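All chains, full assembly: derive it from the sequences and hints.
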Amino acid sequence: MPTTRSFTSIWEYDLLEQILIQTINGIVVGMILALVASGLTLIFGIMDVVNFAHGELFMLGAYVGVVTLATLVVAALGAAIHVTTLRPLLGRDPLNTILVTFGVSLVLQNYALWQFGPVARKINEPFVGHFNLFYLEYPWYRLMIALLSAAIIGALWLFLKYSTYGVWIRATTQDRVMAQAMGIPVPRLLTLVFAIGSGMAAASGVLFGPLVGVNHAMGLDWVLKAFIVVVVGGMGNLVGSIAAAIFISLTESYASLWVSPSQAIIVSFVVLILTLLLRPTGLFVPTPK
Amino acid sequence: MTPRRTRIYWTAFAVILALLIVAPFGLPEFWRRFLTEILIWGLLAMSSDILIGYTGMVSFGHSAFFGLGMYGAAAALLTSRPPSLWLALLYGLIAAAAVAAFVAYFSTRLRDIYFAITTLIFSQIFYVIIFTWTDVTGGENGLAFSRPALAIPGLFSFPFTTLTLYWFVLAVVTASYLLLRRITRSPFGMVLQSIRENEARTRAIGYPVERYKIVAVMFSGLFAGLAGVLYAVQNRFAAPDFVFFVVSGETVIYNIMGGIGTLVGPIVGAAAFLLLREGLSRLFPYLASVVALPGLAEFPYLIPLGVIFIAMVIFMPQGLLGFARRRLNE
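Residue numbers (my numbering), protein chains in the order written: chain A, 7 to 295; chain B, 10 to 339.
There's no promise every hint is true.
If you only want the chain A side, here are some residues facing chain B, beta carbon under 8 Å, derived [claimed, not checked]:
| # | residue |
| --- | --- |
| 1 | Asn102 |
| 2 | Val113 |
| 3 | Tyr117 |
The set of hints was computed from the structure by calculation and includes no laboratory data.
None of the values given here were measured: they were computed from a predicted structure.
The C-beta atom is built at its ideal place from N, Cα and C for all residues, glycine as well.
This is how it looks when you write it as C-alpha cells:
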C-alpha cells in the first residue's frame, strides 16, 4: 500500500505522481467515510441521537461480508436496538442517547470478540484486477468501492427526496410535533431511520473490510473519524458531512506522504480544532445569520 | 441545611470514614488493592461530576486528564532520584492542568452533545500523541517505574505497603471530596449550578458564563489528574490504554450508576460497577463448572454489564443514590 512508505523514500518517485496517487486514495477512503458519516448524521439530524454504536454496526457488517446480507441483517439489528433502548428515551435529554449507545457498543464489541476471536480476519477482495497507475498496480476494487459508496449515498438522497417515507422523514426533521399532528407515524419512522443508518454503516463495513482486515475493535477508529466528519461538516447536514469526509481523508492522505498514517490522523484533529475556532457550526454550511 | 441535617450529615460522614479506615483489616491483600482502586476511580468519577452533575456538561474526555496526570507522575518518578511522591503529584497536576486549560479553551465554546463529542476527540488527540511518540512515552508499552516512598526529606521516609497506600489514597480522596464539596457550595459553585439550570438567564444576569465553564473544566481536570497520579503510584506504570476514550466512557458510567450531582454518588457508582464486573468475571467460570458447560466459562461478562448499564440509564436515570434517596423519602 502506498500509504505505508517510510520517511526517507518519499523522494524516490516524482512528487506529482505521489500526490495524484494519494488523491485517489483519499477519495476512495473518503467515500467510505462519507457513507459511515452520512448514516451517523442522518440519525443525528432526524432523531437527535448520537449513535456511539455506529462503529460497531460497521464492524459487524464487515464480519458478515456480503453487502446485501450485511445491510439487511444489521438494519434489522438496528431496528431492534432502537425499539428496545432508544424508544424509551424519546423526550429525554439527547445526552442519554450517548450513554445508552455507549452501552450498546460495549455489548456488541464483546459479542464480536467472543464470537470471532481477537485475531484480525483477512477478507479477500471480491475481484483482484489491477491497472497501472504510474509505478503502482492499483486495484480496481478500490475504485469500485468509491463508486458503490457514491451509488448508495445517491440512492439515499433519491429516497429522501422522492419517496413517501423520505418526505415524511424530512418533515419530521423540520418539526417533529407538527409531523405527528399531521398523522405521520413518527416512532415507526424513527425506527426506520435508525435501521437505514445502521444498514449504511454495515454496507461501508463490508466495502472496507478487504482493505485492512476485520477485528472486533475496528469500530472505535471509525466512529471517532465519523464524529470528526460530522462536526466539521455541520451536525445533521448530509451534504456537509460528505464534503467533510472527502476533505478530511484527502488531507490525511496528503499528510501521510510525510508522516506515518497513525500520526496523519492528528491532521484531522487540527482541522477539527480550526473548525471549532473559526466556524463552530461546521465548515460546509452557510454562515448562520 | 438545617442544623439537624448538618449534624446527621457529619455523623454519617464520620461513621463511613471510620468504616473505610478500618475496612482493610478484615480483607485479604487482593481486596485491599481492589478497595484502593475503587477509591481512585471514584475520585476520577467525582471530578467529572463537577461538570456532569453541577454544570450540566457531559465530558467524554476525562481520560486525557487522568492519563496526563499519570504520565506527569511517571516523568517525575523516572527523573528524580530517589523517586519523590510530592514531585510526582506536582508534575502530574501541572500536566493535567495544562491539558485541561487547552481542552477547556476550545470545548467550552460548544454545548450539550457538541461539548461531549469535542472533549472525546480532544482526549483522542492526546492518545494518538502518547501512542505514537515512542521515544518519550514508551508508545504502546507505556512506562514502568518504582513506587516512591511517603517521605518528607530530612524528617522521615516510609516505603508504602498495600495498607499504608490505601490509607494515603483514602486521605487524598477524602480531602478532595471535602474540597470539591466546598467548591460546589461556594458562590462559584452556585453560578455553575445556575448555568446548568438556565445558561441564557445566567448570562443575562451578567456572569461571564464561558469563563466560569473554563474554570470548571480546569478544576475537574485537576482532580482527574490527581486520580491519575494516585493510579500511577499504586500500579507503578503509565500506559496509553488509560488515555483511550473507553476510560472516559467508564467515568461517565460511574457517574450515571451512582447518581450525578451528589459527589458521593460517583464513588458509589465506581464501587458498584467494579464490584459487578469482578463478580460477573467470576460468575461465568463458576456457573460453567456447576452446570458442566465448558463453553459458558468464556462467556464475555462485559455483555451483561453493558445490559445492566443500559437498563439503568433507561429505568434509573438518577442512579443508585437518587433511587435510594427517593425510596427513603417515600
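Here is what the structure says about each hint:
1. Satisfaction of the interface hint for Asn102(A) is found here, the shortest Cβ-Cβ separation to chain B being roughly 6 Å, below the 8 Å cut-off.
2. A cut of 8 Å between beta carbons decides the hint on Val113(A): the least distance to chain B is about 4 Å, and the hint holds.
3. Hint status for Tyr117(A): holds, given a least beta-carbon distance of 6 Å to chain B, under 8 Å.
Hint check: no violations occur; every hint is consistent with the structure.
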